[in-house]
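A.B. asks: Here the protein sequences line up with chains P and Z, keeping their order.
Using the working numbering, read the first sequence as starting at 1 and increasing by one per residue.
Using the working numbering, read the second sequence as starting at 1 and increasing by one per residue.
Hints are computed from structural coordinates only; laboratory data are not their basis.
Treat each hint with caution, since some may be false.
Chain copies aren't distinguished; within one or between two, either way the pair holds.
[To be verified] Lysine to aspartate or glutamate pairs mimicking DMTMM-like chemistry, simulated, CA-CA at most 25 Å apart:
hint: 1; residue 1: 80; residue 2: 24
hint: 2; residue 1: 391; residue 2: 258
hint: 3; residue 1: 334; residue 2: 206
hint: 4; residue 1: 391; residue 2: 257
hint: 5; residue 1: 392; residue 2: 257
There are 2 protein chains.
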Amino acid sequence: MNDNAKSHSKPDDALPAVILAAGEGNRLQKGNHGIPKPLTTLLGLTLLERAVLSCHQVGVQEFYVVTGCYEKEFIPQIKKLERRLGISIQVVHNPNWREGNGTSALAVSPYLTGPFLLVMCDDLFDPDILRCLMDAKDRANVCLLAVDRRTDRIFDLKEATKVRLNGQAITAIGKGLTPFDAVDTGLFLCQPFMFQALEKARFDGDGSLSAGVGRLVGDNKIRAVEIGNRIWLDVDTPESLSLAKSYLLAELSKPSDDGYVSRYINRPLSRRVSMLLAHTPLTPNAITFLSFLLCLSGAFLFSLGEYIWTLLAGLLTQLSSVVDGCDGEIARLKFRSSRFGAWLDTVLDRYADVAVAVGISYGYWLTHPHPLVWLAGVMALTGFLLSSYTKKEYALRYQHKHPGGVLNLLGKRDVRLFALFVGALLNRPFEALVLVGFFSHIVVAWSFLSIFPQRWHKT
Amino acid sequence: MNDNAKSHSKPDDALPAVILAAGEGNRLQKGNHGIPKPLTTLLGLTLLERAVLSCHQVGVQEFYVVTGCYEKEFIPQIKKLERRLGISIQVVHNPNWREGNGTSALAVSPYLTGPFLLVMCDDLFDPDILRCLMDAKDRANVCLLAVDRRTDRIFDLKEATKVRLNGQAITAIGKGLTPFDAVDTGLFLCQPFMFQALEKARFDGDGSLSAGVGRLVGDNKIRAVEIGNRIWLDVDTPESLSLAKSYLLAELSKPSDDGYVSRYINRPLSRRVSMLLAHTPLTPNAITFLSFLLCLSGAFLFSLGEYIWTLLAGLLTQLSSVVDGCDGEIARLKFRSSRFGAWLDTVLDRYADVAVAVGISYGYWLTHPHPLVWLAGVMALTGFLLSSYTKKEYALRYQHKHPGGVLNLLGKRDVRLFALFVGALLNRPFEALVLVGFFSHIVVAWSFLSIFPQRWHKT
Numbered sequence: 001m002n003d004n005a006k007s008h009s010k011p012d013d014a015l016p017a018v019i020l021a022a023g024e025g026n027r028l029q030k031g032n033h034g035i036p037k038p039l040t041t042l043l044g045l046t047l048l049e050r051a052v053l054s055c056h057q058v059g060v061q062e063f064y065v066v067t068g069c070y071e072k073e074f075i076p077q078i079k080k081l082e083r084r085l086g087i088s089i090q091v092v093h094n095p096n097w098r099e100g101n102g103t104s105a106l107a108v109s110p111y112l113t114g115p116f117l118l119v120m121c122d123d124l125f126d127p128d129i130l131r132c133l134m135d136a137k138d139r140a141n142v143c144l145l146a147v148d149r150r151t152d153r154i155f156d157l158k159e160a161t162k163v164r165l166n167g168q169a170i171t172a173i174g175k176g177l178t179p180f181d182a183v184d185t186g187l188f189l190c191q192p193f194m195f196q197a198l199e200k201a202r203f204d205g206d207g208s209l210s211a212g213v214g215r216l217v218g219d220n221k222i223r224a225v226e227i228g229n230r231i232w233l234d235v236d237t238p239e240s241l242s243l244a245k246s247y248l249l250a251e252l253s254k255p256s257d258d259g260y261v262s263r264y265i266n267r268p269l270s271r272r273v274s275m276l277l278a279h280t281p282l283t284p285n286a287i288t289f290l291s292f293l294l295c296l297s298g299a300f301l302f303s304l305g306e307y308i309w310t311l312l313a314g315l316l317t318q319l320s321s322v323v324d325g326c327d328g329e330i331a332r333l334k335f336r337s338s339r340f341g342a343w344l345d346t347v348l349d350r351y352a353d354v355a356v357a358v359g360i361s362y363g364y365w366l367t368h369p370h371p372l373v374w375l376a377g378v379m380a381l382t383g384f385l386l387s388s389y390t391k392k393e394y395a396l397r398y399q400h401k402h403p404g405g406v407l408n409l410l411g412k413r414d415v416r417l418f419a420l421f422v423g424a425l426l427n428r429p430f431e432a433l434v435l436v437g438f439f440s441h442i443v444v445a446w447s448f449l450s451i452f453p454q455r456w457h458k459t
Numbered sequence: 001m002n003d004n005a006k007s008h009s010k011p012d013d014a015l016p017a018v019i020l021a022a023g024e025g026n027r028l029q030k031g032n033h034g035i036p037k038p039l040t041t042l043l044g045l046t047l048l049e050r051a052v053l054s055c056h057q058v059g060v061q062e063f064y065v066v067t068g069c070y071e072k073e074f075i076p077q078i079k080k081l082e083r084r085l086g087i088s089i090q091v092v093h094n095p096n097w098r099e100g101n102g103t104s105a106l107a108v109s110p111y112l113t114g115p116f117l118l119v120m121c122d123d124l125f126d127p128d129i130l131r132c133l134m135d136a137k138d139r140a141n142v143c144l145l146a147v148d149r150r151t152d153r154i155f156d157l158k159e160a161t162k163v164r165l166n167g168q169a170i171t172a173i174g175k176g177l178t179p180f181d182a183v184d185t186g187l188f189l190c191q192p193f194m195f196q197a198l199e200k201a202r203f204d205g206d207g208s209l210s211a212g213v214g215r216l217v218g219d220n221k222i223r224a225v226e227i228g229n230r231i232w233l234d235v236d237t238p239e240s241l242s243l244a245k246s247y248l249l250a251e252l253s254k255p256s257d258d259g260y261v262s263r264y265i266n267r268p269l270s271r272r273v274s275m276l277l278a279h280t281p282l283t284p285n286a287i288t289f290l291s292f293l294l295c296l297s298g299a300f301l302f303s304l305g306e307y308i309w310t311l312l313a314g315l316l317t318q319l320s321s322v323v324d325g326c327d328g329e330i331a332r333l334k335f336r337s338s339r340f341g342a343w344l345d346t347v348l349d350r351y352a353d354v355a356v357a358v359g360i361s362y363g364y365w366l367t368h369p370h371p372l373v374w375l376a377g378v379m380a381l382t383g384f385l386l387s388s389y390t391k392k393e394y395a396l397r398y399q400h401k402h403p404g405g406v407l408n409l410l411g412k413r414d415v416r417l418f419a420l421f422v423g424a425l426l427n428r429p430f431e432a433l434v435l436v437g438f439f440s441h442i443v444v445a446w447s448f449l450s451i452f453p454q455r456w457h458k459t
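Based on the sequences and whatever the hints tell you, model everything.
C.D. replies: Right, dumping it as structure tokens:
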């Protein structure tokens, strides 16, 4: 399943990111065997790793992790992240962490002279929210706070910091604020004058970030950026941790170019498999190969020609189709998406398709030794390859996806393999192969015919 | 041959174009059976058609054709162009055409209030020169004249208008100018104040364009834009007409992604075929189908299994490979490039490859009825399809061509079909098929292996 291709953007105007990981996090710790909150594992990655990798995904190359209650516990994780990303991460200790998270932000002030992203380590969030902050028009002059207007859907509304808005202007901020229009997500794009606001608030006896932000509100130096439908969650309690898990899994079903079988059968299964695989060190490319090998095994069993093997072959092929969804899912879950992986996955899928078509044809030829069997097999595998090829070639020429339609969705690999699976159950794999192969050529022809009328207008 | 994909750019800032076709053109007419010069045919299109289509290729949608000595002779051509491009072309008559081509430019002054392109109808030129003019930084404030610094390569230097340059500033212009730095190509991007300069020059007794341009030089209101290595030619005499023909044909060999066989064997042949086809009404897509049918016929003859048919099949396949270059050539010669055509061509090539592999396998199976023959055939055709697929998929994922290298060039279709042709000559088409097929899989594997070391750095 070739959906692990979301590429890392590295804009020229990438900002540094400050990640606050100084607190004690005692609410979560009770259910967490004494592990510091930033090191809580969430589907194979710690919260600290997720925060760094989320920032890296939107182009951040310069990191400051502020520690307080814990420090040396984080070092192995930080070393691991540095190796993986090929960057160096500055660890800044805040001895005053007990005074509030505003003092943790203040701890980086000697390092930063320009704008920066500010992220809470216990905050799970869609990296696109950072893109929204960076793309905001007025980012040069004011601080920006990402806010969520879906106040009815906040997990722990009582603990959340609320904001009152007038358009994009923030008129008030506070935990106990009523009425309020939106909730503070804890994701900021800050200007250096943020430090002065924090100093002032601390001087007045409140070392929290909210108090500093309150000063900016008074000076009209902070604006809200709405996050729309993007997910975020403050992971503070064991309950929110399991909610975070289901948020992440739900995000996996998002790729909209799934075929019908993928959407309704494979995806719900692969999500469960991915949840298990996330805790293993298996990389997305390793899973790609696993799916490939499953399909090759299926192809081999098909070639034996007997029902019991055909049945098993059908099951293996369908299982391979399910696992084929996991590489992309694990890639997204663990920030391991790569163009190379997506490319390899797609080409191996084609080889696997060929193997299955050859296996089925050979199995049938054993009892029906006629050259027409081979011609039909070649017709089918050519259809499999060219229905995909035609769409790729279209995308290359026109620089956008083929408009497709229902016929295209029905011609996709998930549907194809499922039809072969059903054929195997009925001990009619060859007939299924011929049908599906023929249908693939119809899809190719339709790809052209559906574009043809437009061609005179748009060359 | 999928090279007819140069798409028509339609920038938002498209300019109108003025095409001067008012002169008598008596130097060419002597050898031209009394046909007005703009209607002289050059490889299937008249000079007037070429001028309009060249401008259209760079996005022009608004046309003014200035007539003088001839007018009604042009109307059928203009109607044809209007139908083909789906636009309307304004014909402007200049009754004063005998006073010089400056008066022809003046004739459009009531129609134009902003900048416009000015083109001589007897000028054959690479449309990219117009792009250079439109992309020039200072196009908003001054007139621009495209000039050619290759003064040693001007066909009819005596008749050419020369310019003296100081950087991009034009310091003098004239036919008899010495010394000079470059030659006036007759291609302009004009500002409306050009009309005042032309009026002045005419008032002073010189109605030529050069005289008007001379005024602009004096006022420092015109700059030179160098055309680099792009071709242009003033088609004034029968000699320059045949030179224009060879210029156009030489341009056809330009696509740099040709394989070795294409470059050294097919292209020189296809150029000659295209020269003949240019005079027929065959469209590029019709030629694509012709090449496809030739290949299918070859595949059928291969399937008969006898040497005499195999020989003929080899010849037909190689001929198809040559004709496969013509569709793109005709498309470029006649401004008929389309993404649809390029897309169709590429997919039909793949179907033709499959047909040839099946034909050869079947022919061999007649005398060697063993399932391994089919497996080898499937291996070969899969290699053909996937070596192309892998490169397309790479281009889609990485948004640039696969770096390729020699192995990739050897794996291209031209080389493949030539190897089968040689195999057919030696009555060993199946052996050639297996070899070439196996090699195609090596190319696929190499595509990945050559990228692999980079993957850790660039995701």
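A.B. asks: Starting from the hint list further up, note which numbers the structure goes against and sort them upward.
C.D. replies: Result: hint 3 breaks, nothing else.
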